[in-house]
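S.K.: For the record, the sequence lines run as chains A, B, C and D.
The first sequence runs 1 to 167 under this note's numbering.
The second sequence runs 1 to 354 under this note's numbering.
The third sequence runs 1 to 628 under this note's numbering.
The fourth sequence runs 1 to 107 under this note's numbering.
These aren't lab readings, by the way, just hints derived from the structure by calculation.
There may be inaccurate statements among the hints.
Ranges between beta-carbon positions, derived for each pair [unchecked claim]: (1) Ile14(B) <-> Lys131(A): 33 to 43 Å; (2) Val5(A) <-> Met243(B): 26 to 36 Å; (3) Glu108(B) <-> Phe134(A): 51 to 61 Å; (4) Glu108(B) <-> Ser125(A): 21 to 31 Å; (5) Val91(A) <-> Pro575(C): 49 to 59 Å; (6) Leu148(A) <-> Leu17(B): 32 to 42 Å; (7) Asp98(D) <-> Lys576(C): 34 to 44 Å.
Backbone N, C-alpha and C define an ideal beta-carbon position, used for all residues, glycine too.
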Amino acid sequence: MKEAVFTFFSLFTLLTAAGVILSRNIIYSAFNLVLCFFGLASLYLLWGATFLSMIQILIYAGAIVVLFVFVVMLLNFEKPTEQKTRFSIIVLSSAGVWTLALILLRVLSKSLGEIPSLETPAKASVRTISKLLFSQYLWPFEVLTVFLLALIVGIFVLARPEKEETP
Amino acid sequence: MTLIDFIIAALKAIVILVAVIQVVPVMIYVERKVAALIQDRPGPNRVGPFGLLQPVADALKFLLKEDPIPHYTNRLLYTLAPFLSLIPACLVIAALPIADKAVLFGREITIQIADLDVSLIYVLAIGSLGVYGILFGGWASNNKFSLIGSLRSASQMVSYELPLGLAAVGAVMVFGTFSLREMVIQQEGTLLGILPNWGVFYQPIGFLIFLVASFAETNRLPFDLPESEAELVAGFHTEYGSMKFATFFMAEYMNLATMSGLMTVIYFGGWHLPWVSDAKLLEILGSQNLLCIIQVATYIFKVSVFMFLYVLIRWTLPRFRFDQLLTLSWGSLIPIGLINIVVSAVLMYVLGGK
Amino acid sequence: MQSIFILMMAAPLIGSITNGLVLRSSEAKRAGTLATVCAFISFFCAVILFSQVAWGEGPVEMSWPWIQIGSLSIDWGFRFDRLTSVMGLVITGVGSLIHLYSIGYMSHEKGSYRYFAYLNLFVFLMLVLVSAGNLAALFVGWEGVGLCSYLLIGYWFEDPEKAKAGMKAFLVNRIGDAGFLMGMFFCYQLFGTLDFQKINAAIDAQSGFNVQLMNVAAFFLFIGATGKSAQVPLYVWLPDAMAGPTPVSALIHAATMVTSGIYLIARLEPLFVTTADTNTVIAVIGLSTALLAALIATSQKDIKKVLAYSTVSQLGLMVLALGCRAYGAALFHLVTHAFFKALLFLGSGSVIHALEGEQDISQMGGLRKSLPVTSLTFLVGTIAIAGIPPLAGFFSKDTILHAALVTDFRLWVGGAIVATLTAFYMFRLYSLTFLGNYRGHVHPHESPWVMTLPLGILAIASMLAGFLGVPHEFHWIPNFFEEYLKPVIPPYEFEGTLALSSHSAMFITTGLAFLSSAAALIIFSRAKSVESKSILLRPFRLVFENHFWVDELYGILFVRPFQVLSRLFAVFVDPKIIDGGILLASRATKRLGGVVVLFQTGNIQWYLFLMMIGVVGGMLLLLRGRVI
Amino acid sequence: MILAEKLTSMAYWSHFVSIALFALGLLGFLTRRNALIVLMSLELMLNAVNLLLVQISMRTGTSEGIVLVVFVITVAAAEVAVGLGIILNLYRMKKTVDLGSFRNLSG
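The shape of chain A in the complex, shown without the other chains:
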């Protein structure tokens, strides 16, 4: 049962991801991206990371893709035309990417397969995560907050309409 659900959501995720990169219409790409994130959230749920699953939906599906769609709509006033990619590039890239994937698969399944697995999947409770965040990972956490502050400033500068040249 669990395997079936797992397989279903894995395939769902991969198919929608393929949809993201293959769609001619960018709005379908965005739509596929939402579905892909849902699939990922489900996978997280299956692995027992409930909190992360919710966060995945809240941030990725609820905020990031909304931004994407928002920008797509903004740009839609004059339809952006995308030129076709050259066939040679596609072939070369695919070859490289799948070589890399194969290597990674071999390496990961070899090295990560040796990690001892627990009898039952662990539960990452919010409490554990927050304790870690505020003790062991406090420093990265604080750095991240500063980073976000810098980001806000950066976005503000980026988004500000260009000033009229005043003589």
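Position chains B, C and D relative to chain A; hints supplied.
M.R.: Frame of chain A; chains B, C and D shown alone:
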């Protein structure tokens, strides 16, 4: 998980969902009646006694009307959009604890579809997905009014999710849990002997922020910018008719219900009667099922009060301008929410816990 | 007392900064007044300090850390003792008079604030030099006054000749400074300190030091002194330094800066007393300088050049005294020389001022009538320098000659010749300038009081200063100067038998001075032209007039090869080898960049593609078939 | 033990899923010329790594991976915000988001 469990869960889901969907006809009637009351006119009074069957007539009208799809639209998304709007609204209900538990056939059944340990985040997360229906609907309509409505909706949603989340963080700090059920259970009893032990007394400011933000999240007046009929014809659903429009309509009322339910759960003690503890009530009534019915009734009453508040406000306050809307969120609600968190944290530290 | 000391140092510095950086007043009177007031403040402080040192509690000392590297520790040490007080009084006293004089001399000059700023700065740095407590601090003042000298010689830098003269002075001094530095290093090596007190104390306490090394150290320090004090072979810059304004020549190139070499050696008296070999060198160099310069001076036509060579000659005499270990005598001559040479320079300045810049004595003559004050004071100075009693020069010169006589009879003979020649060329100068008939065309006029007042004061000083240090022959008058310096410089001691009794030696030299003065007066007072008619003397005159072709010799020996070498570097080494190397590097970089730029397409996907290829390649390399 | 075995096999397929997801993202990045889709592909790659982190973390019972994922999500959100801001500005400049037309940095 045995088959029986599965069947019980499915039944529970179906029953609660069907029950919640009944909010829609009731709300249609209430809304029209209240509007009439405020505008000093009789309102619906032809179909049935006091016009009580008006919702049925409306539903029939929606079902029987022709359902055209304009040729310039994106067919797939145009058709999908209303359901994208409705599905999250239905999904959210799964996390709301309606009552404690009932005993049927020797089994204890919690009156809640799914008792997640992160149900508050779940509600916020799924609730934030409702925007896709509006976005895709507006985009697929291929109509400038619709598109502008969608854009407004997107920025509004993103802007108001933040104060909503910040207000919720305050409550989470007070209760120390993300589980809505836990929160309700903690709100039993009295505070300082006089007040009911409700979240609103711990987080008054948080509650106000939550309330304001919930109006924006449900696209209700005074924040119904995505569909403001004075500017954008009908906003994102300009091109929609018959049952598709009705679906949007349903989604809106469902969202209203879930938001009210959420506020009830977080801030107003959920299924608890004020000043009376469950144990005492059980002693008086002598039956768990009876207690459960009373709890459900209490819950429905509290939710109704909020729904009524929504309706009242809709017909009393004027609409905001869009920039005012955004300034309200980024300029007032978010800073206040942040300050609320800090002050709550300090107070909790000083007073030692809850 | 320390505050007075600080005030003495600070006053000229403040004046310099105010004039040079703050006010920048174009009016000579305003800038000059400020500078003069500062110089006088400094002088009064020096007087107070002098009284303190002479009758009060002794030397004033201050120091604070300057350089601390490992065991090397150098302080900013200042010490105002008796020797310093003598120098300080000369510097500030003569200096302030020259400041006053400059107001008049520079009155026609535009932008003379620069001049006064330099002059004040010079006084400050000279005070640093003479009050420094160690060699390093002294070196700061040493270089500082060199800088001021350079700036003031080249004050009229629009004239390339004058700018070049400044450059020459600076470069020649560099050679001496290199010697000074070497001497300093040797001193540190020998004594482990640069502090004068400690060095002198160490030498006094034990004689276990390597005499050879001490000789070397003393020799190098003396090379430094030859540079600054214009001795053979480094004297050539001083005559050219007359390109500067005349008061500058008076202050820097006659009275103070050029004597800093003498001061340095006197300061390190215990070191030099013990180094016999070096003393011989010093004495010989001093005597040869004195002779050479005196000979050249007899046939110069430029009034300032005559005085310049006279200065070199007198400095040679002082160095001779140093070589004879008569440090007190040298210092005494330094003081008297400061007075009368400053007087002579200022007098010549007054003449030049009166003749609107004319310096050639063939264009002068008979100025006695038109410039009475100048003429009279100049005469006093001439008599003083000629060594005719009872004026200052007689006493100081006699002390030196006596020391030479004691050391070696040959030195005394040379010294006596120098004294005779001095009297001769000075009276020649006086006669050609002030006696006879006027040969020039400009209408001369007497200078204003700001210029004549210093002349008068200096004339009085030249007349009376000699009585401060009456030689031992007149043993009924006490030698105040020697007594005063006793704690710092032990008085000179008689040794061995003399070839000539000191009294007869004195009579001989004085007589020779009288005779040569009279001869000069007779020959030149009625002369129609400057050049002598005698065929017999012509070759000598040719040699003297051209300064023994020393400049030309140096040109051939040092300057030309150096120029050739520089040309080689400028034409070949720098553009071809150094620039070529750099260009090669830059061109190689550009070529390489041209290759690498092919990868920089500006397309982000291309970059990621390359990155991916890199990752794949790297992983394959790392694994080397271990997994696959 | 049976559960453990299952988990191992599930782990294997999880690796496969995350690597495949990563490959798809990389492919999208390399071949698509629309800047928005390139940005989406970037998100796919980040999520592939997240998936791997989650499953390793949950399998070994440590929460470090989860914390890392939280960090990654934060940074990803920030990156998208900046990226979209840049894309909007680019669009304002050239009226297109085709990456092929932004080659001003070409050497």
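S.K.: If a hint holds in the structure, say so; if it doesn't, say that too.
M.R.: Hints, verified against the model:
no., hint, verdict
1, Ile14(B) <-> Lys131(A): 33 to 43 Å, "holds, 40 Å"
2, Val5(A) <-> Met243(B): 26 to 36 Å, "holds, 32 Å"
3, Glu108(B) <-> Phe134(A): 51 to 61 Å, "violated, 37 Å"
4, Glu108(B) <-> Ser125(A): 21 to 31 Å, "holds, 24 Å"
5, Val91(A) <-> Pro575(C): 49 to 59 Å, "holds, 55 Å"
6, Leu148(A) <-> Leu17(B): 32 to 42 Å, "holds, 39 Å"
7, Asp98(D) <-> Lys576(C): 34 to 44 Å, "violated, 52 Å"
Of the numbered hints given earlier, the model fails hints 3 and 7; all others are met.
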